[in-house]
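Model the full structure from these sequences, guided by the hints.
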Amino acid sequence: MLQILTPEGDLVGEPPVDVERTVSLYQQMIEARAYDRKGMALQKQGRLATYAPFEGQEAAQIGAAAPLGDDDWVVATYRDAALMWAQGYPWELLFLGRVGDERGGSPPDHVPVLPPSITVGGHMVHAVGLAWAARLLGEERIALTSFGDGATSEGDFHEAMNFAAVFDTPCVFLCQNNGYAISLPREAQTRSETIAIKADAYGVPGVQVDGNDLFAVVSAVTTARQSALAGAGPTLIEAVTYRLGPHTTADDPKRYRPDDEPDPWRERDPLVRARRYLEAADAWDEESERAATDRATETMDRAIELAEATPDTAPDHVFEGMFAEMPPHLRQQLGEARR
Amino acid sequence: MPETTTYAKALNTALAGLLAGDERVFLMGEDVGVYGGAFGVSDGLLDRFGEDRVRDTPISEDAIVGAGVGAALTGMLPIVEIQFSDFVVNAMDPLINQAAKLHFMYGGRANVPLVIRAPGGGGTGAAAQHSQSLEAWFAHIPGLKVVLPATVQDAHDLLIAAVRDPNPVVFLEHKLLYKTEGHFEATDDVENPVAKIGESRVIRHGSDLTIAAYSIMTIRALQAAEQLADDGIDVEVIDLRTVRPLDIGPVRESVMKTGRLVVAHEAPIPVGVGAEVVAGVVESNALDYLLAPVRRVGAMDVPMPYAKDLEQAVIPQTGDIVDAVKEVIKS
Ligand SMILES: Cc1ncc(C[n+]2csc(CCOP(=O)(O)OP(=O)(O)O)c2C)c(N)n1
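First to last, the sequence lines map onto chains X and F.
Every letter in the first sequence is one number past the one before it in the numbering used here, and letter 209, counting from 1, is 313.
Every letter in the second sequence is one number past the one before it in the numbering used here, and letter 275, counting from 1, is 307.
Quick caveat, the hints were computed from the structure, so don't treat them as lab data.
Incorrect hints may appear among the rest.
Unchecked claim - These stretches of chain F come out as covered by chain X in the derived footprint (C-beta under 8 angstroms, 3 or more residues):
| no. | stretch |
| --- | --- |
| 1 | 139-145 |
| 2 | 337-347 |
Unchecked claim - Here are the simulated DSS-like pairs of lysine-lysine, each with C-alpha atoms no more than 25 angstroms apart in a straight line:
| no. | chain 1 | residue 1 | chain 2 | residue 2 |
| --- | --- | --- | --- | --- |
| 3 | F | K207 | X | K358 |
| 4 | F | K228 | F | K133 |
| 5 | F | K207 | X | K148 |
| 6 | F | K228 | X | K358 |
| 7 | F | K211 | X | K148 |
| 8 | F | K340 | X | K148 |
Claimed, not checked - With the C-beta cut set under 8 angstroms, the calculated list includes, among others, these residues of chain F facing chain X:
| no. | residue |
| --- | --- |
| 9 | D63 |
| 10 | L78 |
| 11 | D88 |
| 12 | S92 |
| 13 | D94 |
| 14 | S363 |
Cβ atoms here follow ideal geometry from the backbone N, Cα and C, with glycine treated the same way.
And the structure:
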């Protein structure tokens with residue numbers, strides 16, 4: 105397993121980015137965590153629909169986005185808000201989606217991020233098509249698709265990996281192995297020793313990295329992206345991490361894992377280790393931590409304010425969203441819905 | 033002794049009875065074991081029957097249904113759960129091309145006594161890919177039976193009937209019904225089902241108009257009937273219970289008595305079960321008894337919106353049935 109930064113914050117390899125860039129990525133992780141905690145809190149207050157937290161997976165997501173070019177596609181899941189945001193999807197739209205509004209699924213123009221996939225695995229094949237199109241159009245861009253350990257059991261995973269490999273499409277497959285698929289532990293999901301080893305079956309590189317190590321993730325994605333752009337096809341990256349929270353706000357992890365199981369993973373917190381590294385490099389201190397946390401809190405307050413200030417969806421939106429041109433029978437139903 | 037319980041517990045009781053009564057029965061699906069199912073339907077069954085018979089699977093709908101087909105071919109009685117009926121689409125080959133056709137293609141020498149349980153329907157704020165009512169899709173395929181219980185008792189009795197049926201049965205539960213309470217009597221005899229698949233039933237007698245419905249719309253039709261009674265309109269309600277095979281006889285008889293028909297389902301109207309029910313009536317001499325045009329009540333022709341108020345607007349509610357009945361009575 106590739107590791108560059110230990111949980112204690114010590115380097116055991118070559119950092120893929122300089123200290124200045126690390127500060128910026130650490131700030132992004134702080135912001136991501138602020139979003140996630142805000143999401144959990146807002147859901148408890150009844151202001152969001154079901155919410156799927158990603159606490160503990162910040163390095164896997166921020167680290168995966170860091171090496172991407174502005175045009176690179178991101179095709180991710182319901183648990184990947186940090187990854188989507190880091191590629192340009194605004195926080196307020198991510199909140200809007202969770203408030204229960206389809207408009208949260210319309211990224212701004214020029215943000216190369218598809219709305220999050222709700223069906224497990226269904227989106228990986230889209231990444232293959234996006235990458236294939238880029239190749240046909242002669243564009244310098246890749247498609248990165250993110251999914252959980254559970255999603256590797258879907259046929260879509262096999263078919264997407266195989267297609268990408270056979271056609272050398274410029275894809276990066278990022279599996280965030282967070283230990284669980286709802287109640288099913290990783291060990292019961294697959295007999296493969298690792299998820300990364302599955303790459304062998306498709307004849308493509310597979311790498312397992314410490315998913316709580318920002319540097320390891322950045323490094324693996326950087327290499328995979330370069331290889332994809334060079335025409336060498338896809339790479340499968342397994343980022344080993346842990347879902348510290350519940351599957352969603354509708355879940356009760358007590359039903360399938362001991363209360364104290366997450367404790368050791370708290371010690372491997374991706375934010376803690378990045379901070380230790382930066383403090384040792386004299387690039388971060390108590391003061392910068394407080395400032396960054398305050399800024400992140402303000403950003404999230406503002407984001408939810410914007411989301412909640414969005415006027416309620418009108419029925420028009422639902423009907424207009426159906427076809428490029430509204431057929432007469434829908435026009436009639438829209439009239440009924442307005443009443 | 034009659035008592036009351038919930039729809040989910042009635043299903044749980046049926047599953048427990050089946051597992052206890054026949055070693056060929058086993059249950060598998062995502063999170064059905066340790067977790068007890070996403071809606072608690074299989075709560076406690078893993079502890080009671082062990083992991084060979086109550087099996088948590090990887091996230092592989094195709095294999096869940098396909099392995100169910102294979103096991104069923106040997107005479108086992110698998111009950112497979114798809115966590116949301118929306119994800120049966122990931123298992124369409126084993127269901128449509130295999131389960132539905134193998135008895136036929138093997139020259140009648142093999143049976144596929146498989147039950148696919150899946151929660152469907154909207155109203156839970158779970159948006160477009162967790163709220164569909166796909167029964168018409170399955171009902172269109174020769175070789176499948178499609179069951180949609182509305183009442184607590186039927187949830188129990190029809191599940192036993194489905195497992196005892198030697199053919200593949202798609203058993204669609206409604207998410208909003210799981211917590212509903214109702215009259216319940218458990219049977220110890222899971223060999224001889226009290227309910228029969230392919231039998232609709234008059235569950236409220238009336239003389240002015242017939243409402244044919246199933247699943248949650250049966251419950252809404254009963255509520256509508258109560259409201260309409262206050263306006264002096266006497267409605268008969270027929271619970272179809274299974275939409276394939278469709279037992280149209282009681283609907284025809286009822287229409288010959290009332291002369292008016294409303295069909296209600298939560299799925300969108302176009303190419304839905306409602307059209308089949310109406311056709312079944314007008315293809316018979318019940319046509320001559322119709323005093324007014326028939327009406328179908330169903331969802332608007334759009335995916336389920338996420339926003340609560342829009343979701344409520346898209347899904348047919350009790351009030352929509354009341355309105356439809358009044359229009360038919362007026363015309
Ligand atoms: C096709 C499909 N099957 C089942 C589900 C229900 N479901 C939602 S999330 C989930 C677990 C996914 O686990 P994993 O892929 O490991 O990702 P994680 O949620 O842990 O991030 C399941 C079974 C679904 N949404 N789509």
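Hints and how they fare:
Counting residues of the stretch 139-145 of chain F whose CB lies closer than 8 angstroms to any CB of chain X gives 0, so the stated coverage by that chain is violated, three being the minimum. Remark: the stretch 337-347 of chain F is confirmed as covered by chain X, as 8 of its residues place a Cβ nearer than 8 angstroms to a Cβ of that chain, reaching the required three. Restraint check: the Cα-Cα separation between F:K207 and X:K358 comes to about 23 angstroms, which is no more than 25 angstroms; the hinted pair holds. The hinted pair formed by F:K228 and F:K133 meets the criterion: a straight-line CA distance of about 22 angstroms does not exceed 25 angstroms.
This hinted pair checks out: F:K207 and X:K148 have alpha carbons roughly 22 angstroms apart, not beyond 25 angstroms. The suggested pairing of F:K228 with X:K358 is violated, with an alpha-carbon distance near 40 angstroms, which exceeds 25 angstroms. With a C-alpha separation of about 22 angstroms, the suggested pairing of F:K211 with X:K148 holds against the 25 angstroms cut-off. In summary, the hint linking F:K340 to X:K148 is supported, as the alpha carbons are separated by about 17 angstroms, within the 25 angstroms threshold.
Interface hint status for F:D63: upheld, as the beta-carbon distance to the closest one in chain X is roughly 5 angstroms, under 8 angstroms. For F:L78, the interface hint is violated, the least distance from its beta-carbon to any beta-carbon of chain X being 11 angstroms, above 8 angstroms. Interface restraint check for F:D88: the shortest CB-CB distance to chain X comes to about 6 angstroms, inside 8 angstroms, so the restraint holds. Using the Cβ-Cβ criterion of 8 angstroms, the hint placing F:S92 at the interface with chain X is satisfied: the shortest such distance is roughly 5 angstroms.
The interface hint given for F:D94 is met, as the beta carbon of that residue sits about 5 angstroms from the closest beta carbon of chain X, less than 8 angstroms. With a cut of 8 angstroms, the hint placing F:S363 at the interface with chain X is violated, because the nearest CB-to-CB distance is about 18 angstroms.
The structure fails to meet hints 1, 6, 10 and 14 from the earlier list, while all remaining hints are met.
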